[in-house]
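Sequence order for the protein chains is A and B. The numbering of the first sequence is my numbering, which starts it at 2 and goes up by one. The numbering of the second sequence is my numbering, which starts it at 76 and goes up by one.
Derived from the structure by calculation, the hints contain no laboratory data. Values in this document were obtained by computation on a predicted structure and should not be read as measured data. Every residue, glycine too, gets a C-beta built ideally from N, C-alpha and C. All the given hints hold, so there is nothing to weed out.
Just some of the chain B residues that point at chain A, by a computed CB distance under 8 Å:
#1 Thr-424
#2 Ala-445
#3 Ala-462
#4 Arg-463
#5 Arg-544
#6 Val-546
#7 Ala-552
#8 Leu-555
#9 Pro-616
#10 Arg-617
Given next are the chains, with one letter for each unit.
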Amino acid sequence: MIGSLPPEQLAEAARWLMLLALAGALARPLALRLMPAEGGGWITGKLLGWLVVGWVPWLLASFQILPFGSASMAGLLLLALLALWFGPGPRDWRGFLMAEAGFLVMFWLGLAVRLQAPDLTGLEKFTDMGFLTAVMRAEVMPPQDAWFAGHGLNYYYVGQAMVGAWGKLAGIAPDHTYQLAMATIFGLVALGVFHLVARLAVPWGARFAAVLGTTGALLAVYGGNGHSVLYTLFRSWMPTTKPEFWYPDSTRFIGFDPDGPDKGFTEFTSYGFAAGDLHAHLVATPLFLLAVALVLSILRQGLRGVMPTALQSAAFGWLLGLSFAMNSWDLAIIGLVATVALAVLLSRPTGGVMPSFAIRADHLGASAVFALVAALATLAPFLEGFRPFANGVLPVAQRTPLWQLLVVYAHVLPALALIPALAMRRAAVGPVLPLAVVAVAGILLVAIPEVVYLKDIYGEDHARANTMFKLTFRAQTLLMVAALAALAPAFARGRGWTLAGLAAMLPLGLTLTYLPHVHAPPSVIRNLDGLAFLGDERALVVAAAGLPLGPGEALVEASGQSFTGSSRVSALTGQPAVVGWAGHQWLWRNDVDAAYGRANDVDRFYVTQDRAERCRLALRYGIRYVVIGRIERERYPDLDLPGLTALGALVHESAGGLILRIDPGACQASDLQ
Amino acid sequence: MTEARLTSSRWLFPALILVALVLRLQGLDWDEGRGLHPDEGNLVRAAAALGWGRLIPEFHAYNDLALWLPKLVAMPFCDGSDTGCLRLVARALSALFSTLAVLAMAGIALRLAGWLAMLATALLAATSAPMVQWAHFGTTESALVLVVAGLWLHALRWQGGEITTGRMALGSALMLGLGFGFKSSALVAAVIPLMALVLKGRPDALRLKALAWALPLTALLALAAAPSLIFATQDWLATMQFENGVVQGTLPVFWTRQFEGGSGPVYQLRQLWGAVDGAGLLLALVGLVLLRGRQIWGILPGLAFALVYAGLIFGWHAAFFRYLAPLFPAVLVLAGVGAAVLLSRPSRTGRALAMAAMALMAVTGLDLAASYQARDPRLNAEAALLARVLPGEVVAIEPYDTPLTGGSEAVVLPLDGGDALAIATPLSGADWLLVASRRNWGVLPGVPGSAPLACSYYTALVRGELGFRAVATFRRASPLGLLTEPGISGEETRVVFDRPTLILLRNDLRLDAGAIAARIAAAPDPAACTPAALAEAWARPR
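So here's chain A without its partners, still in its complex pose (with noise of 0.2 Å):
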């Protein structure tokens, strides 16, 4: 019924759940430093909590002051040393509770999310898994790309690193990890959902925001969008070119129906755990959503007239730079929710509380510094190992329909129109403008697109699906969010405005059509193993894990089509690989040649009946290990299997397959000839 675990990975689930209740608590002294007045600092905490435990390991091994595994514990230590300089906070343990059992629900129902099909393969899991087991694998950052030998990784893949280092920190598998990642994720994203809507709700009630909060979480790891509501209770009205709902529709709509040349993704936070890829969007939700918290305070304390201490500035720099190692694509979004917030500070008329136009620019203007400098140097140690491959921001060629916009949004507009109505009739201004802070940044993400994009490696069709899906991910909880929150003074006007609220609210309520397609009953929570989907390859895996690559050494499998099962081995032991799924490279290097070369490459390791020819490619890419399984069997039908069995001795033999290793003397220099 409520599902379980065998008793070691138990064991380990509750190890991590113990570690980040203790971040979570030792975090809250700084949460409250941060965000005063903001409750009780339990679910900020925690996700600061999250956050901290998890760079400053990253941290420390980017400065090569700690190998990265020996400094899994820096993060705690930190957060008890600032703990014990704020001091502990007021004692609320109604509050600590209440939190952390409202952690655990939903961290519980998302691992049933994450382990209903737990297999670690298909769409990025394999990309994610590489992430994570070369970052769990490493001692100094960036790690090794296990997809791209000789080079370090060039991705923002600080979030996995960070998931990492918690892997670290709590003693478990990289496989588990992931599993027991994604279900905090899903807890956090629950907790910071609630927590910031239910701040925004509060000024016109506790009860609309416990009521109002609780939905936000929900709709956040379970709701779609507007699609998923009209194409699904609506869909013999909609004008729909597939036969049936099938839960990516919902993020694959814009330029896909009908089919068009400008193709658009829209995917959010719900599909994201559905799909159950460790991808930096989903990563960074957590971060993301402290930001905004953080902005959100800080923005609600200046229409008060006090303005950001020099910690809230620094710690707002601080997630700032940190979200752009982890989803680059946040560094903007979170910038741009801060210029909004600042242009509402200073464009405030003076009097009463609110001190003169020239004292706020240079309150506010010091905080711009510190905040900048506090983002530089926080993503400074990842810039010095990422090489950008983005080509430019250009003006979009084409525009999305309106009646596409609309579909997608549908489920927010109405609840949305009610922050102009409210301001008509004359609400209580201070309130009501967070809110509408946060209305208006998801707007302008959703406007964004149709006017310029981010230029990478897709063709035109493709072209602005990027810059769509990251600007609309995070648009999507904004407007939610704003969207939710904007019923609390339409409830607490009572009468027409009560029933407006609720009208306004049902399209909200809709979304949880979606819910289907995402959740899972705890029941199916059975184990974490995420690797049984390799059958008799898993011993070949395990035992490529376990090879002692030297520096400069690399091993080589088959490469192949992206989001297909090769490079699974260098996928799920972080082990480099001459080469990984190379359209993945082709993307992350911005070099078409310098992947598919490598590929090619790898492509005449295996099939080539020329000794020199796979002499010069052992020595060029420092091949030291060979494997031979199932996916090179099937990907090299004319396989050299006696060629490559000349070069190398055999170290590893199972049903899966087998791997070979090539000793330093292999190849002669007369080999070469």
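Got chain A; can you put chain B on it based on the hints?
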């Protein structure tokens, strides 16, 4: 300053000096005893050759004290002919001088603008990236910085009535004489005490008397610190002539080819700007503009020296970065004063900007210091070569550089020649090519008069047209390196001695010499062989 702040600054200042010392002493053996800094190598070898049988050195690019001091200090610890030990002692002395210079600069700032300026200056000097770097070299830059800062502090103390005229004259003579023992250019720092003397107004008898005995005393001390001037006059003068020819550009040497594209004041100012992240010069400007009253009198000796010295070296053809070292006391003290002025103003934005500027400079220095914890990339490249090179294989290397090939057979490519076949023949016979720094590719393509084939050679090399393919890159890892390291336009010695980027290439296509020569002799494409274009090409994934 409030009492609480005064109290906190009492522990903060020693802490900053400790930070300065730690940053300078850690990673001192950054090349694991391999002696990879060429100038330092010359100094150490000359010092090792000294002894009872050779009291006067044969090497005069540095004066005698620069050689004898490490030799004497090393005596209790090791055999004086042990170059490894001498190198470490020379570096330790450099680190010590650099730390003392931090103290001196902080002392100047204290007298000019108070405690806050002292703390700001101590922070900036302690974490100054160039000072940290020079402290890791057993050469004379740190000593020169100390001499300038020491003389300025001494002058300021005299101006403030802290010491008598006699002590001022004696101290100045001592510092100038000893400074000359390290490097002849230290004598320019005589501007500092002389300017202080001028600023005092019409000289009284006491000051004239002091000047009368201080000048010959300085000369005597200088001769005592550099007896080569007496006992090897011709050799010393010949060296000075050689050095003069190099700096004026009348004597062509490889190391000054990088300046053939142009040097001069703008180039040097750009180097200085980069060395302090721009922020240092902006803060210094603020300091200069906002100084008032007596503070101006105190700043003038140091400023006058900086202007005279800059006027001297900014006109030189050779614009080596190390020549800027004596300017650092003026820049950092003024920057510290500027920061203090901003910090004590009511504007929060101004205070934040001052803190941000200081943080930027400090982070750059901390990053450089951290990089010495990482292994030298030449050693990593050597290890990679040893793991990959098969018996009998040949490694091609570039001239004028310090590659380590682990005992493999190495051939040097005559890259500055005009004969394509002379480059192609050893290249075609090589199995590997080790590019040990940007020293050649960052310079030679830009000087077609000296190296007519370099542009075509490097363009073809990075495009893989010579049959070589990059298999590994080695650089000294530092957490913020790409942000804080001097860019490709920075003077080469800022990186090639201690943090070069190496590229190891494998001869894949085995082209014959004729084919390679034909490609090297092809018409050059100047746009493809600029340092920036080549750097971009090297950085591409392989």
